[in-house]
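S.K.: Using the sequences and the hints given, assemble the complete structure.
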Amino acid sequence: MLYDIGLTISYSYTTPADAGRHALMVLPKDLPGEQRLIAGSLDIKPGPAERLDRTDFFGNQVTEIAYRNPHSEIVFAVQARVERLPEGADDRSLRLADLGGALAALRSVDPDSPLHFLGPSQRVAPHPQMTAYARAQVDETGTVMGAVRSVGLALHRDMAFDPEATSVSTPPLEAFTHRHGVCQDFTHVMIACLRGLGIPAGYVSGFLRTIPPKGKPRLEGADAMHAWVRAWCGPQAGWWEFDPTNAMAAGTDHIVVGRGRDYADVAPIKGVLKTVGPQSSKQAVDVVPLESPAPK
Amino acid sequence: MAKAKHSTADRVRDLLAAYRPPAAVADELLEADGRIRPVWTQFINYFARLPRDNVPRLFARGDQHLRDAGVYFRQYGPEMEGERDWPLSHVPVLISEKEWQDISDGLIQRAELLERILADIYGSNKLVSGGYLPAQLVAGNPEWLRPLVGVKPRSGHFLHLVAFDIGRGPDGTWWVLGDRTQAPSGIGFALENRVATRKVFSDLFANSNVIRLADFFRVFRDAMTHEWGAPGKIPGILSPGPLNDTYFEHAFIARYLGLMLLEGEDLRVEDGQLLVRTVTGLHPVGVLWRRLDAAWVDPLELNEGSQIGTPGLVSAVRQGSVTMVNALGSGIMQTRALLAFLPRISERLLGEPLALPNIATWWCGQEAERGYVRANVENMVIGEALSTNLPFDETDTLAIGGRPQHSADLDLPGLIDRQGDRLVGQEAVTLSTTPAYVDGMLVPRPMSLRVFLARTAAGWQVMPGGFARIGRTGDPSAVSMQAGGAAADVWILSEKMVEWDGSLHEPSGPFVRAEPGMLPSRAADNLFWLGRYVERTEMAIRLLRAYHARRAEAAGHPFPVLEALGAYLAFYGIDPEETMPRGLLATLSSAINNGRSVRDRFSVDGWMALIDLARGARELEGTIEPGDDVARAMGVLLRKVTGFSGLVHENMYRFAGWRFLSIGRALERASATASLLQRFLQPDAPEGSLDLMVEACDSVMSHRRLYAVDTNRETVIDLLALDTKNPRAILFQLNEVQQDSQLLPGAEKAGQMSALSKAILKAHTALAVASPETLDHRSFGILRNLIDNLSDDVHKAYLR
Numbered sequence: 001m002l003y004d005i006g007l008t009i010s011y012s013y014t015t016p017a018d019a020g021r022h023a024l025m026v027l028p029k030d031l032p033g034e035q036r037l038i039a040g041s042l043d044i045k046p047g048p049a050e051r052l053d054r055t056d057f058f059g060n061q062v063t064e065i066a067y068r069n070p071h072s073e074i075v076f077a078v079q080a081r082v083e084r085l086p087e088g089a090d091d092r093s094l095r096l097a098d099l100g101g102a103l104a105a106l107r108s109v110d111p112d113s114p115l116h117f118l119g120p121s122q123r124v125a126p127h128p129q130m131t132a133y134a135r136a137q138v139d140e141t142g143t144v145m146g147a148v149r150s151v152g153l154a155l156h157r158d159m160a161f162d163p164e165a166t167s168v169s170t171p172p173l174e175a176f177t178h179r180h181g182v183c184q185d186f187t188h189v190m191i192a193c194l195r196g197l198g199i200p201a202g203y204v205s206g207f208l209r210t211i212p213p214k215g216k217p218r219l220e221g222a223d224a225m226h227a228w229v230r231a232w233c234g235p236q237a238g239w240w241e242f243d244p245t246n247a248m249a250a251g252t253d254h255i256v257v258g259r260g261r262d263y264a265d266v267a268p269i270k271g272v273l274k275t276v277g278p279q280s281s282k283q284a285v286d287v288v289p290l291e292s293p294a295p296k
Numbered sequence: 001m002a003k004a005k006h007s008t009a010d011r012v013r014d015l016l017a018a019y020r021p022p023a024a025v026a027d028e029l030l031e032a033d034g035r036i037r038p039v040w041t042q043f044i045n046y047f048a049r050l051p052r053d054n055v056p057r058l059f060a061r062g063d064q065h066l067r068d069a070g071v072y073f074r075q076y077g078p079e080m081e082g083e084r085d086w087p088l089s090h091v092p093v094l095i096s097e098k099e100w101q102d103i104s105d106g107l108i109q110r111a112e113l114l115e116r117i118l119a120d121i122y123g124s125n126k127l128v129s130g131g132y133l134p135a136q137l138v139a140g141n142p143e144w145l146r147p148l149v150g151v152k153p154r155s156g157h158f159l160h161l162v163a164f165d166i167g168r169g170p171d172g173t174w175w176v177l178g179d180r181t182q183a184p185s186g187i188g189f190a191l192e193n194r195v196a197t198r199k200v201f202s203d204l205f206a207n208s209n210v211i212r213l214a215d216f217f218r219v220f221r222d223a224m225t226h227e228w229g230a231p232g233k234i235p236g237i238l239s240p241g242p243l244n245d246t247y248f249e250h251a252f253i254a255r256y257l258g259l260m261l262l263e264g265e266d267l268r269v270e271d272g273q274l275l276v277r278t279v280t281g282l283h284p285v286g287v288l289w290r291r292l293d294a295a296w297v298d299p300l301e302l303n304e305g306s307q308i309g310t311p312g313l314v315s316a317v318r319q320g321s322v323t324m325v326n327a328l329g330s331g332i333m334q335t336r337a338l339l340a341f342l343p344r345i346s347e348r349l350l351g352e353p354l355a356l357p358n359i360a361t362w363w364c365g366q367e368a369e370r371g372y373v374r375a376n377v378e379n380m381v382i383g384e385a386l387s388t389n390l391p392f393d394e395t396d397t398l399a400i401g402g403r404p405q406h407s408a409d410l411d412l413p414g415l416i417d418r419q420g421d422r423l424v425g426q427e428a429v430t431l432s433t434t435p436a437y438v439d440g441m442l443v444p445r446p447m448s449l450r451v452f453l454a455r456t457a458a459g460w461q462v463m464p465g466g467f468a469r470i471g472r473t474g475d476p477s478a479v480s481m482q483a484g485g486a487a488a489d490v491w492i493l494s495e496k497m498v499e500w501d502g503s504l505h506e507p508s509g510p511f512v513r514a515e516p517g518m519l520p521s522r523a524a525d526n527l528f529w530l531g532r533y534v535e536r537t538e539m540a541i542r543l544l545r546a547y548h549a550r551r552a553e554a555a556g557h558p559f560p561v562l563e564a565l566g567a568y569l570a571f572y573g574i575d576p577e578e579t580m581p582r583g584l585l586a587t588l589s590s591a592i593n594n595g596r597s598v599r600d601r602f603s604v605d606g607w608m609a610l611i612d613l614a615r616g617a618r619e620l621e622g623t624i625e626p627g628d629d630v631a632r633a634m635g636v637l638l639r640k641v642t643g644f645s646g647l648v649h650e651n652m653y654r655f656a657g658w659r660f661l662s663i664g665r666a667l668e669r670a671s672a673t674a675s676l677l678q679r680f681l682q683p684d685a686p687e688g689s690l691d692l693m694v695e696a697c698d699s700v701m702s703h704r705r706l707y708a709v710d711t712n713r714e715t716v717i718d719l720l721a722l723d724t725k726n727p728r729a730i731l732f733q734l735n736e737v738q739q740d741s742q743l744l745p746g747a748e749k750a751g752q753m754s755a756l757s758k759a760i761l762k763a764h765t766a767l768a769v770a771s772p773e774t775l776d777h778r779s780f781g782i783l784r785n786l787i788d789n790l791s792d793d794v795h796k797a798y799l800r
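The listed protein sequences correspond, in order, to chains A and B. Using our numbering, you'd call the opening residue of the first sequence number 1 and step up by one each time. Using our numbering, you'd call the opening residue of the second sequence number 1 and step up by one each time.
What the hints contain is simulated information worked out from the structure, not anything from laboratory work. There could be a bad hint or two in this list.
[Stated by the list, open to error] In silico SDA-like links for lysine to any residue, alpha-carbon gap of 20 Å or less:
hint, chain 1, residue 1, chain 2, residue 2
1, B, K233, B, G281
2, B, K796, A, P70
3, B, K725, B, N735
4, B, K758, B, T280
5, B, K796, A, R107
6, B, K152, A, A19
7, B, K496, B, K126
8, B, K749, B, N785
9, B, K152, A, P70
10, B, K126, A, R107
11, B, K152, A, R54
12, A, K270, B, Q307
M.R.: Written as structure tokens, this is what we have:
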């Protein structure tokens, strides 16, 4: 599937921001075998005093920028063409009961090692309440992939999608307790649930196609950047991605931007702005499927 | 002669009458058969010969030093001033140079080992892939900082200053209890312990062969400034700020070693270079001795919630512009569970066993170890595997000898089975005992040592001495240390003569005088506001005194000037009917908060005077009655304020910092006086307003001597606004501001006045050309605005 993606994020300040440093993670990833970045650009206005591109620990593309002079508005604009490749969906995952042994045998802390995704991270820590909830959803004798799907479907069933109820800094336990939130909350809660079961789980940020295929409903979260879960299902099956907000395995409708342990690792815009007074931000996303695939 | 000897022996016997070390532990003073160890003989004989009545007086000398030097340890609590006196145990711990050499060799080996492990786990990770280190203990470790993976430290090394906590086991050998690689504290306290203990035993010290500490500090300072940093770049110490429990030490070391005391807010990163914001602009920083945990130094790449970090600092490190002491991420070597793997890693990386063993540790993430711990839980301390605290830190200890520490219904075997990878079992060690002087007797107390090592071009240097922790009770189990205790000096005794050297008088490198302009903007800001708030406090006290004196006089009758003054005070947030107005206390705590952040920049006496003032004010709360009583109390406070101002004015070196304090004070006074004139020169001002102003401005005597008449409009305006010889006059203060500001960096650029200089000149001229007849309440309103704008101009020019 081929997409043209447009993203615009703008911030405006009533009192000009003095100076600022940001780390941006907004460009789709190039993932051999999964996703191909054909072209991508990030424009920033006003032009920052510094701009530096680098790769983070997990292999995500980060753009670091800094301003030195007061400014009252910033606009980040992404344009990208991406080919999303279909994946096989056969369950080669381990039995849930064998996962612990497989993890204990690992001798790697490479970026893709599932061991990074087991314990607490900045925004997500397993919690007895969420673990108990997760345990009640899964068949302990089943496979890991089965468990991931059961937890994801259960959260979709039990949590209400509500853009007004939470903010970017709502802790997972709070979203879980009230059973509401947006894609970030669904994803954080699901990660906490899976880690509680001993299943390595991480956070994926990205885009969803905005216009659904004929006869299919529009997906939730398509009007802004989206988030879903990846879970490690054993050495054979590797990582599998599931979108709890839409109760579906992430597939050709999902375009990956960043992968990390939780939102803190892959936030689209990080940064401290020195400003007083109110500020506002706007986000606009367009993910348009192209009729014919690009020539290879 | 024989008689004298006999008498010393008797006295020693007396002194040690209560000295009974517990069974089955080693003792520092006594051999197993009860004889005094040779290294202690001179000390014990000297101590025994001291008249017992003299001892408290000698000890008091040490305590006095600590108080004068302002040594304190911060405690968190509901009290405003959570600072407590330094708990010195006056009897030092004595160790022979020969034994110390063995300890040093062992610790140098260990420092080298930790360095190699860090290079591996932030590099190629061969220890993990080779099975020497469980991957989980790295990947799941909050101290393994992913943004630093693959980043080579600029200096080529991760570790530059490390500390080890060691203790002596029952068989007499030394054990490492814990590794301190993150940001070890205690080096400054160790130095102060030495100075204090040396004052207590000054006669003995002069004649004994105690190896001095100065060399170590000299080498360390030179390494900091010349080896790890870069020429022309500032060496600094990065502190989390005055609320940290060891802030005293940060300020003390900064002063002692000539490092700039910095907080995250002082720093900025531009094009990959770490810079400090000073009153002369941005200057590059070459090396930072970090005194806060790495996770907090950069909210952009590390802990996103940090309010005390510098965005971009990790990026500066990645781009190799600054050396961190120690490298970000070094804290992982403090992880308790790692102790279990060091013996094998030592064989692998160094090809030799650990010279000093560490406390035996089993990580319960492994099947066999889990079983062993479960079977031997009675002899173990069970704690958090990833804890970076010392083994005797109670917060991470779940059970001791099988007894749960925090919740009585803890299912220990179940926990070990289910969450073994979270836990370690550690051998419950006992410590050796050493003499402490309690109630006129020497008694045995358990002790552990913290030893410091610094990396230099010539290799690791071990500080000859260290920081001894002395247990509060006789219980020799290591965990008893968690109850807190005292600190003692450590003397390493040479068999050779030790040459005397003072302290840090002759550095071996080029002598560097602190540049006057090298004042961090934040420090300047704090000094400026300290000046303003102290002056504001003084004015409020004067007005309150005037108010209550008149209140007593009025005795309940209508008194227009009293009412006008009450309204005036209320306008400034002070309710004069409160005997100790909250508005006044708030101003005072603002002054204290500003002062606390720049404690390293004015004297201990000055700080004490400020604390004394705040304490005095709080103590008066609720104990005094309105009227004469309050007026008298305000008089007392006034003398305390002027005590502080006097100390600052008379004793503080005229660095740029002093000028900011002085300008803050002068602007505040000029503004307050203008405000007073604006209000009480109004045509409808009640009778007595003129006298009130003269009194509030402490100019009654001056007025009497200068003018042979009662106060009138002209004399008051002349004296309080225009008289350049009256320190209470506005023009006098504007003169001060002008003079001080001309000595600030950048007051003149290429013959042109700066914007600030021009603004000051404008305000100054507006008043200087006036005469009493041409001035009225409106002109003082305008003048006050000009003065208040100057404060903004100072900010724009220097403090942003």
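S.K.: Hint by hint, which ones does the structure fall short of?
M.R.: Of the numbered hints, 5, 6, 7, 8 and 9 do not hold.
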